[in-house]
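Whatever position you read off the sequence shown (first residue = 1), add 1077 for the numbering used here.
Hints may contain errors.
[Claimed, not checked] Computed Cβ-Cβ distance ranges for the label pairs, DEER-style: (1) Arg-1136 to Ser-1213: 42 to 48 Å; (2) Ile-1219 to Ile-1108: 24 to 30 Å; (3) Phe-1096 to Ile-1247: 32 to 38 Å; (4) Phe-1096 to Ser-1204: 41 to 47 Å; (5) Asn-1189 to Ile-1103: 14 to 20 Å; (6) Asn-1117 to Asn-1082: 27 to 33 Å; (7) Gly-1248 to Ile-1108: 31 to 37 Å; (8) Glu-1185 to Leu-1215: 21 to 27 Å.
Just so you know, these hints were derived from the structure itself, not from any lab. Ideal placement from N, C-alpha and C gives every residue a C-beta, glycine not left out.
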Amino acid sequence: MYTYNRRKEIIKNGVYIIFILLIAIISTYYIYNKFQVDNNIDFNSDSLDVTYHESTADRLTLSKVTPVTDSVGLSSKSYNITVTNNLTESVNYKIKVVDDLEKIVEDECSDNLISKEDIRISIKNGSMDNKIYNLSDLEDGILLDSKIKALEKRNLAIRIWVKQGSTLPIGSSMHYHGVVQVIEDDNSVAINK
């Protein structure tokens, strides 16, 4: 004859619940760290540590030809960068966007590039407001010329889109390949080490 023992049943169910919760917490932790570690790519220069928080690192790609307003462009996906000054003195640095010639040659796509006049680009420097430019208006491709204080860490966000009023056909195969460079005052470029 079977007797029902409520206390044993509660303990058994409690152990099952704890085991399931433990598996869920550990799995979530590993999944979160997997995506975080894979997307952080470190570059260094003499004084600066630069972390690109994208799997493409310093490469910038615009592959959707959909002309949008600046407000819509500012809500698009951003390329996030963290610049850290390792010195005990301020350092001048520049953020520069140049054509990714290696990718253009590799893809053999020089005839399908979006004109720089049709591309808008923005940068958010820490907590400051977004600055928006036409890519063609940047002098030598310099998007930002700034100074970072001693031991400061600064988060930057870059967005790129096709400007409203562009005559490019929507959905065409036109695209843009660029590289974001972080350059110190002495013209040394942060590189992947």
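Query raised in the report: Which numbered hints does this structure break?
Result: Violated: hints 1, 2, 3, 5 and 6.
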